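Listed below are the residues making up each chain.
2 protein chains.
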Amino acid sequence: MKILECVPNFSEGRDEKKVEEIVAEVRKISGVKLLDYFSDSDHNRTVVTFIGDPEGVKQAALRSSLRALEGIDMRTHTGGHPRLGAVDVVPFVPIRGMGMKEAVGIAHQFGREFGEIGEVPVYFYGEAATDPRRKKLADIRKGEYEGLREKLSIPGWEPDAGARTFNPKSGATVVGARFPLIAFNVNLRTQNLDFAKRVARKIRESSGGIPSVQALGVELKERRMVQVSMNLTDYRRTSIPKVVEFIRAEIAGTGVEIAETELVGVLPLEALEDVVREYLKMPEFTPEQVIETHLLEE
Amino acid sequence: MKILECVPNFSEGRDEKKVEEIVAEVRKISGVKLLDYFSDSDHNRTVVTFIGDPEGVKQAALRSSLRALEGIDMRTHTGGHPRLGAVDVVPFVPIRGMGMKEAVGIAHQFGREFGEIGEVPVYFYGEAATDPRRKKLADIRKGEYEGLREKLSIPGWEPDAGARTFNPKSGATVVGARFPLIAFNVNLRTQNLDFAKRVARKIRESSGGIPSVQALGVELKERRMVQVSMNLTDYRRTSIPKVVEFIRAEIAGTGVEIAETELVGVLPLEALEDVVREYLKMPEFTPEQVIETHLLEE
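Protein chains in written order, with our numbering: chain A, 1 to 298; chain B, 1 to 298.
If you are wondering where the hints come from, they were derived from the structure by calculation, not from laboratory data. Accuracy of the hints is not assured; some may be wrong.
To be verified - Simulated restraints on C-beta separations:
no., chain 1, residue 1, chain 2, residue 2, range
1, B, Leu216, A, Glu245, 58 to 64 Å
2, A, Ser30, B, Pro283, 36 to 42 Å
3, B, Ala138, A, Pro241, 39 to 45 Å
Note that the structure is a prediction, hence the values are computed from the model and not measured. We put the beta carbon where it would ideally sit given N, CA and C, even for glycine.
Using the sequences plus the hints, can you model the full thing?
Below, the structure written as structure tokens:
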């Protein structure tokens with residue numbers, strides 16, 4: 001059975017009625033399960049998470065995004081989070097039984113349909129990017145909604161799909177595909193924040209650490225510990241055990257120990273495969289050996 | 001979502017057509033997923049495994065068992081495996097979202113319905129036993145089909161449900177509930193079979209080891225290793241990590257190492273909870289953090 005996730009970000013986080021209307025469109029689609037939605041009124045933004053069969057998820061994304069276009073007017077939008085449009089970002093995430101290529105295909109289909117029906121310029125980012133300069137969301141979003149009219153006229157920033165010209169009410173939408181992001185923290189039994197920051201610097205990809213790891217050193221005041229707070233952006237390249245063992249090796253001999261670890265939110269079953277294989281020395285383990293997975297096959 | 005498993009054992013392992021007829025009854029029930037069926041012609045016995053919602057699983061067990069009564073005649077049955085009847089054993093196993101008490105309730109319901117409709121004496125065993133002397137399958141099965149007519153007349157061996165008298169065609173059926181059994185092996189990097197046997201003796205419950213562990217020492221000739229081959233009969237009492245760490249402590253200092261471990265067949269997701277909690281030091285982990293589980297809730 002194929003499972004796709006979609007995590008659209010809408011530029012409305014204050015008007016509860018409008019948010020509920022958007023989310024209701026997801027609930028309507030059979031075969032799609034709404035996992036979560038969260039509005040931040042400072043950001044004036046709502047993040048919705050749902051999973052299901054790829055076609056259903058695409059439909060749910062389309063219906064909720066078109067509903068968002070009706071209710072949101074970017075001309076009056078304010079909020080602390082960078083954004084380009086009413087439907088700001090729509091990432092598709094392959095969870096099970098499908099690869100990145102298929103998720104990219106869905107992202108492209110969605111982007112073209114949504115851009116055309118909604119008359120919104122669409123940029124493809126992440127694994128769905130058509131140009132290396134469009135890989136990073138932050139690069140596309142530079143200048144934000146306020147700079148969008150100008151950006152659209154700059155050679156090299158023509159949209160990938162949808163309207164070619166500025167849509168003042170709706171702005172633009174960034175559509176993409178990415179691997180599931182695992183928010184994973186390792187808490188260290190010390191109160192030395194610099195220690196956590198040093199470990200974070202050692203492990204994160206951007207400062208020469210290991211691939212697909214973003215990391216920050218954070219203080220946990222109440223717990224009297226420090227934390228290496230991480231995003232694993234591709235557990236297929238860098239697994240949870242690899243991260244734990246890297247940190248364990250890094251702190252060996254310092255007298256500091258791993259107190260505990262935390263998972264924030266959810267992960268795909270496949271991401272536990274490496275945990276079982278590594279720590280139980282069980283090279284042959286597959287997620288299909290988890291009995292519940294057989295009920296997903298229908 | 002509740003998931004129940006049923007693993008009936010039928011006394012027919014040679015006539016493929018009869019086996020297919022029995023299995024077909026399971027396939028008919030919606031909401032029930034046939035995981036496996038396996039016939040052994042020496043034992044002249046077929047083991048069928050299916051899971052699903054409790055009511056569907058009870059129905060599938062009833063329909064397949066009644067079909068088995070039609071096709072199997074114990075008066076002509078021969079085979080290497082001990083057995084009491086055509087539908088020999090019907091264990092119900094709580095997998096998810098339900099406890100043992102509820103599984104016992106289903107076993108009792110099934111036993112009464114099946115015993116009455118099929119006119120077969122039914123004994124309840126395992127967690128469903130009504131008498132401590134009927135806890136163990138082997139005790140109930142003692143004397144086998146050939147001794148059943150006599151057994152039924154012995155005070156204390158009145159059936160728990162169904163027919164009170166001997167049914168020559170069908171024998172008797174043992175119905176019960178038990179925890180999921182995890183077949184888990186630890187391979188040791190030595191060719192010394194006695195070593196594996198010593199470890200097995202140390203760990204197994206019956207020789208004073210740890211609860212809910214059955215263990216044997218086995219030779220793996222081709223792989224030039226030995227194995228502690230185990231059944232974990234209640235992972236809630238004794239988890240996989242507990243078993244691994246017990247063995248690790250037991251062999252410490254002997255120079256022998258754990259080469260690898262194996263899982264034979266499937267396990268419930270819940271049984272991996274302890275693996276994650278223990279080896280990642282992640283005390284807060286719950287199986288609900290596995291994204292796929294949310295598709296089981298419908």
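These are the hints, each one checked on the structure:
| no. | hint | result |
| --- | --- | --- |
| 1 | B:Leu216 to A:Glu245: 58 to 64 Å | violated, 33 Å |
| 2 | A:Ser30 to B:Pro283: 36 to 42 Å | holds, 37 Å |
| 3 | B:Ala138 to A:Pro241: 39 to 45 Å | holds, 41 Å |
Hint 1 from the list above is the single one not met by this structure.
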